[in-house]
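Q: Protein chains in written order, with this note's numbering: chain U, 1 to 310; chain Z, 1 to 431; chain A, 1 to 285.
For the record, the hints were derived by calculation from the structure and aren't laboratory data. Any given hint could turn out to be false.
Said to hold, decoys possible - Pairs of lysine to aspartate or glutamate, DMTMM-like flavour, derived with a Cα cap of 25 Å: (1) K148(U) with D199(Z); (2) K74(A) with E83(Z); (3) K65(U) with D146(Z); (4) K104(Z) with D184(A); (5) K74(A) with D82(Z); (6) K148(Z) with E356(Z); (7) K308(Z) with D399(Z); (8) K69(A) with D243(Z); (9) K142(A) with E56(U); (10) K157(U) with E75(Z); (11) K323(Z) with E73(A); (12) K148(U) with D243(Z); (13) K133(Z) with E429(Z); (14) K144(A) with D243(Z); (15) K148(U) with E414(Z); (16) K80(U) with D399(Z); (17) K59(Z) with D147(A); (18) K65(U) with E326(Z); (19) K148(Z) with E326(Z); (20) K394(Z) with D146(Z); (21) K231(A) with E326(Z); (22) K73(Z) with E338(Z); (23) K431(Z) with E299(U); (24) K104(Z) with D79(U); (25) K112(A) with E299(U).
Below, each chain spelled out in residue letters.
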Amino acid sequence: MFGWVKGKTVEVSVRKRSTKFRNTMVAYSFILPNLIGFFIFTFLPIVFALILSFCEWNAGNSDIKFVGLSNYITMFTNDKSFPIALKNTLYYTAVTVPLTLMVSLGLAIIMNKPIKGKEFFRSCFFFPYIASLVAVAVVWMALFNPDKGPVNQILIKLGVSVPPRWAASQTWAMPTIIGLTVWKNMGYYMIVYLAGLQGVPRELYEAAQIDGAGKWKQFTNVIWPCITPTTFFVLMMLIISTFKSYDIMYITTQGGPGEATKVLAYHIYNSAFVSLKFGYASAVAMVLMTMVVAISIMEFKAEKKFTDYL
Amino acid sequence: MKSKIVRRLLSIVAVAGLMVGCGGKGENSAKNSTQQDSGNGAVTLKIALWDYSNTEYFKNIFNSFSEKYPNIKCEAVEFSSDEFDTSILTQMSAKTDFDIVFNKDIPTINALISQGHIMELDNFMEQDKDFDKRNYSGLIEQLTMDNKTYGVPFRKDNTLLFYNKDLFDKAGVAYPKDGMSMKEYEDLAEKMTSGEGNDKVYGAHTHTWTSNVSQYARRVEEFNPIDSSTYEALIPYYNTILDMQSKQFTQDYGSLKTSNIHYSGVFYNQQAAMLEIGTWYINMLCENADFNWGVCSLPNDKGEANDKAVGGVTPVSIGKYSKNPEVAWEFIKYICGEEGAKILAQNGILPGFGGEAVNNIFDALPESHKGVPENLSRYIDLDTYVIEFPMSIKAKEIDTIINEEHSAIMTGTETPEEGIKHMTERVNELK
Amino acid sequence: MVNIKIYNNKNDKYKIIPLMTVYIFLLFGAFIMLIPFVWMLSSSLKNEKDVFAFPIQWIPTVAQWSNYKVIWEKVPLLTGFVNSIKITVIVTVLQILTSTFAAYSFAKLKFKGRDIIFMIYILTISVPWQVYMVPQFIMMSKLKLTDSHIGLIMMHTFTATGVFLIRQFYMGIPNELLEASRIDGLSEYGIYAKIMLPLSKPAIATLCITTFTFEWNDFMGPLVYLSTNNKKTIQLILRMFNTQYSSNYALIMAAAVISLIPVMVLFIFLQRYFVEGIASTGVKG
């Protein structure tokens, strides 16, 4: 069923049953310390939450009531906020993911070169990731203040008579948030890519150089294939984290103006802790998870294709 | 083959999860109790609240309570104020044995009631001869749900129009007065607006909360958040506020909201002549303002002067899983009674409990603090208190919808008519 | 030395004009990136009422150094620091150990159920915490693990993200290398310890920084799980400056600046692991 996940495995042609069993035991002995904790503290509660998606529960004293598919039916027929939140999430993800990926990969490649003071630059670019979200959000919003912010003042000087009202406008609120997200997180993915780039064997660079390959060719033929597993990680984590994103909107716009920046995770939070519909919140989370399943299946396939010629 | 294993795995997990998750329902998790100290019969009350470490009056009240009842200790369990609702809902879902739960607002107490996490207090109130509902300006009656009472008001607030007397004197404009119309309010703001750029003084300041618009209408009971047919009454108020904003008598909502600008700084720094805000601001002004200020009742289009108050309430409840509800009731009676009220008032906070003693403390404020107006009691001791949000099981949801539409209207994303229409539709759709 | 020579190789060297562009770009970028830090620093030295004055005043007229004294006196900052360091270090160490261990198996060994388990790991990352926060809390409370550091550590140690990150890095390590070691008679545990671990230093450094940063900055976890004051972490204590009607951002930012220091120090320390590439360990690709 999940045959595409195989990746690179140890090929041992002839094996007796007992060695196979022993190998399996060895393999599980590696996983178990993590798996046991993971199973109890993360997996069980999640499964419970997913079962809740077929129930009605307000986290109170009353019984959990099984309602079948009713939460799902409500979601697609009777909840006007759901399609809005879904649309916003897709918009947010579709722009944030490629943007962050390109910026962080670009930065990592530059930072992997012999540049004076790269430790300093790396620290600077990593900084927004470790800084408090409140501080980063406040500064970003101040830069993009619709009336007095420096960005709009520059735009006015450049001859834009009516500059965007950024977070205070239906149209521009989401791009403002996207910018903030990319700014805050690119340092993290830059570091991940840097770690990945360390894994590119230098001999391959040399070989490419001896062949007289140009910069772009060197990138597409050597670097890109070698960092495919890293890209896979970055892509998955980016997609998942943008799908789950909630705190940035919570701190900056509270989902507004109107419902312009209300994303699915925000809707989930509201359904659970505002409307006290924990079953419904779980159902929305299920939909979110299904989308991640679909995407990860495609990515696993792609990863296999790429890593095959490593 | 694989899918079979998966199925079996999932079913085991599901059963285990359910058992862990909701097993032992109704049991009061007695083992958790640390309450009863052996020996002298001392009791420790576990109290869930926010802002404890940086709020003097909590400590003062708890200490004076423990002095009166040496056998009862108070253990404050503090949650951060912004996330209080989330924290308390999660804690209570695991039947945590809090004896006392402070409710941040009406939506919080409604959520806890609907989940069955707090106790009915009617029996305590009826059997206790010392307790008199009449001391609470009718608030207890407004705090009932299906004729049952779950909370006693610890604090209340009245939203007032604060103004900077120095700025008015300098401009030679008469102070705002009770019973102004919205038009008069706007004219006054126009007169008080002066200067340019960083030196600009705005005639008024409209903070970003929904209540900064809705309470004009709520005070005169034209607007009721749990009755969607009253929402249309907000339209004229929105029109005035938006007009003041577009004429730049007030700062722009979008600018305030996105820059996180807090109303308090604007008023302390004398950048606005008038500010509509709750009475908790009295305490903050006493500490921070170095100018003379005054208050008057909110303008409205119904011609009502200073007859009614509008604002939020902080009810205190007893947790459902408390081991010592009787002791908890003693505590509530104390902190929400005259003794607690005096301590609150001395800190410039308006207690739920009203009366001469509280009034006298507020009237004595000008003696100890510079710039405080005389006769504050005229504005805090009123016969009618309108709670900004009446009790309703849907309070939290309605509140969220109203806030979302408020932001759409104030940023000009929707006209007031469109916004109110959406607000009405969305609230009507709630089930 | 060898590495440097390779880097100075003619083809890899930037020409003067592109180099200038790169530096200008980097300097500009660094400047933008540092603005939040400057804002934090300058706000931490202001009076509360001036923090949100607009336009931003970058250099406070009178620096309120007393803010730092106030936070030190007003809240149990030291307790918060000790608790945070304890939790963060334990979680980071445990996560690195268990994640590298499990990741080796997921990346390089073949066994029944591997793909399904891995898929489940990834899927759990995609479920927002708000959804299972309440069931998890109820479960933890039955296990008597609420209001304890152990509970928090257990919850955050066994996350899928760490396993995923390290697995992806291991995937890039050539199998030929492992085969050679097996032929040399190394056991799987030996390969893990002697080959995989040394080779994955950059990845471990990355995991270390990110776990540390996440755990250090985590707010919702401690918020829900720690209610006793002397168990609270630094981020929880920071929030105590937020009150219902006002937030003392001057103090919050002063405390935030202090709380940043450990993460910064760790990052600067771990940076050196990003220059040790595979080539320097003598592996042929």
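Q: All the hints need checking, so say for each whether the structure fits it.
A: So, going through the hints one by one against the coordinates:
no.	hint	verdict
1	K148(U) with D199(Z)	holds, 14 Å
2	K74(A) with E83(Z)	holds, 21 Å
3	K65(U) with D146(Z)	holds, 24 Å
4	K104(Z) with D184(A)	violated, 68 Å
5	K74(A) with D82(Z)	holds, 20 Å
6	K148(Z) with E356(Z)	violated, 29 Å
7	K308(Z) with D399(Z)	holds, 23 Å
8	K69(A) with D243(Z)	violated, 46 Å
9	K142(A) with E56(U)	holds, 22 Å
10	K157(U) with E75(Z)	violated, 59 Å
11	K323(Z) with E73(A)	violated, 36 Å
12	K148(U) with D243(Z)	holds, 20 Å
13	K133(Z) with E429(Z)	violated, 36 Å
14	K144(A) with D243(Z)	violated, 57 Å
15	K148(U) with E414(Z)	holds, 23 Å
16	K80(U) with D399(Z)	holds, 17 Å
17	K59(Z) with D147(A)	holds, 23 Å
18	K65(U) with E326(Z)	violated, 33 Å
19	K148(Z) with E326(Z)	holds, 18 Å
20	K394(Z) with D146(Z)	holds, 14 Å
21	K231(A) with E326(Z)	violated, 30 Å
22	K73(Z) with E338(Z)	holds, 20 Å
23	K431(Z) with E299(U)	violated, 40 Å
24	K104(Z) with D79(U)	violated, 28 Å
25	K112(A) with E299(U)	holds, 22 Å
In this structure, the hints that do not hold are numbers 4, 6, 8, 10, 11, 13, 14, 18, 21, 23 and 24, in rising order.
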